[in-house]
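Position chain B against the provided structure of chain A, taking the given hints into account.
Going down the list, the sequences are from chains A and B. Here our numbering is used: the first residue of the first sequence is 1, the next is one more, and so on. Here our numbering is used: the first residue of the second sequence is 1, the next is one more, and so on.
It cannot be assumed that every hint is accurate.
Intra- or inter-copy, both count: the list cannot distinguish identical chains.
[To be verified] Result set (SDA-like, lysine to any residue): computed pairs, CA atoms no more than 20 angstroms apart in a straight line: (1) K20 / F85; (2) K189 / E226; (3) K147 / R24; (4) K176 / R222; (5) K87 / H137.
These are calculated hints, taken from the structure and not from any lab test. Quantities reported herein were computed from a predicted structural model and do not represent experimental measurements.
There are 2 protein chains.
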Amino acid sequence: MTMPFDKGTFLLVDYTIKVKDEDRVIETTDAEIAKKANIYDENEVYEPRLVILGEGWLLKSLEDELMKMNEGEEKEIELPPEKAFGKRSPDNIKVYPARELIRRRVRPIVGTRVEIDGRIGIIRSVGSGRVVIDFNHPLAGKTLLCKIKAVKKIEDEMEKIKALIHRRAPKVDINKFDVSRENDVVVIKLPPEIRDAEGGRIFKYSLFRDITKYISGVRVVRFIEEYEVERKEEKAEEKVPKKPAKAKEEEKQEQA
Amino acid sequence: MTMPFDKGTFLLVDYTIKVKDEDRVIETTDAEIAKKANIYDENEVYEPRLVILGEGWLLKSLEDELMKMNEGEEKEIELPPEKAFGKRSPDNIKVYPARELIRRRVRPIVGTRVEIDGRIGIIRSVGSGRVVIDFNHPLAGKTLLCKIKAVKKIEDEMEKIKALIHRRAPKVDINKFDVSRENDVVVIKLPPEIRDAEGGRIFKYSLFRDITKYISGVRVVRFIEEYEVERKEEKAEEKVPKKPAKAKEEEKQEQA
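One chain only, chain A, in its complex shape (with noise of 0.2 angstroms):
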């Protein structure tokens, strides 16, 4: 039996969040509850997620039971609106003449999501020239069902930095990054599809953020990018690198 958790805590979480009335999933890492609840995302990675306790990156109400439970524990909690997102408030419900909305071109036709002021509403009625507006959160006055596990808790450095490579990078085999620490440096060699993604930059500037941020001591990330010209044994097709689109056209440079 190990201890609750502390904050600051790398835990890999598993969940499915309904909205407790409709029945309806809202997210899951369960790849196949995603597939029946018609809400799976190609592009998504279903799996246990990361979650650094503290960090608000799932609802607190979910941390702060997370933080109570034990490695491998599943619980069900039910979070009523309060606990999720908020009751709903009708402070948060706004009536504009529709002249006024016309003007910022937005059109007021029922059901539709709007951003005015940089809130997202969506509208509720239009009549006699006016429209009523609702910026509670789509989720607010909802109680939400959630089933949630504490999969496992990461306590080795190493596995934490890759954790969060992972996190930043979750469709590339973590174990194509070579990985290691010296003091306050930690490295990071790039396998070719981070080298070559057009995201490369931000992905790098990000892991620099957080590895600084949630690995303690350490003062500098360094990224090693290598390429390599294939061996003549190796059949060349398969070993070119992948040639970024505008590399071509730089090679055709003329001068005079």
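Below, chain B without anything else, positioned relative to chain A:
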């Protein structure tokens, strides 16, 4: 007195190329000359340019002359059309029905540069439904006057690698790159200017190609990019690494 240069020589070259009859400068490595000729480009760096002899980075006839020159020598060379951009050829002048051009979305206006089937031409005349397009190179038929100087031969291997880097990033101080070689691996630590630049991926791939092509025995180019937490003693504002535009959004990651 040094010996004339071989193919493959890394040579820093200064040059100014004029159209003889028009006394018009078309390209130069000299900022003052570019300014006087009204072709100064702020995105250019005016300095001796790296040429690897035999690679066709300059007109072949200029490269041939350079091979016979000595380090530090300067020459004025007159290149007749056949040694420059070729003679004008009547075969490169084509007549099109105006209607066909319009179908291809080319507007038949005299003097317009157009691209047809991948060839660039200029519309010479328009009349009675017939449009004459000249596909000769704009410098075909011109005699060029070239002032060219073999400024410096680069012999040291590390200097050669740095010259290749500088050629791909002429605006960044080459001393900000930390370069070393270990057997068949060249290691390049990139300064923040390159690390944070949009075209970094193309830069790295192109440089990998250059270095493995022109520096013998190199099989791997390893790039190192480092992010560092600013030390508290330093002024935080000055040391914050430049954040890629999209990174901010990334951080606001929310779950359930």
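Evaluation of the provided hints:
no.	hint	in the structure
1	K20 / F85	within (13 angstroms within a copy, 77 angstroms between copies)
2	K189 / E226	both (8 angstroms within a copy, 12 angstroms between copies)
3	K147 / R24	within (13 angstroms within a copy, 78 angstroms between copies)
4	K176 / R222	both (16 angstroms within a copy, 16 angstroms between copies)
5	K87 / H137	within (9 angstroms within a copy, 73 angstroms between copies)
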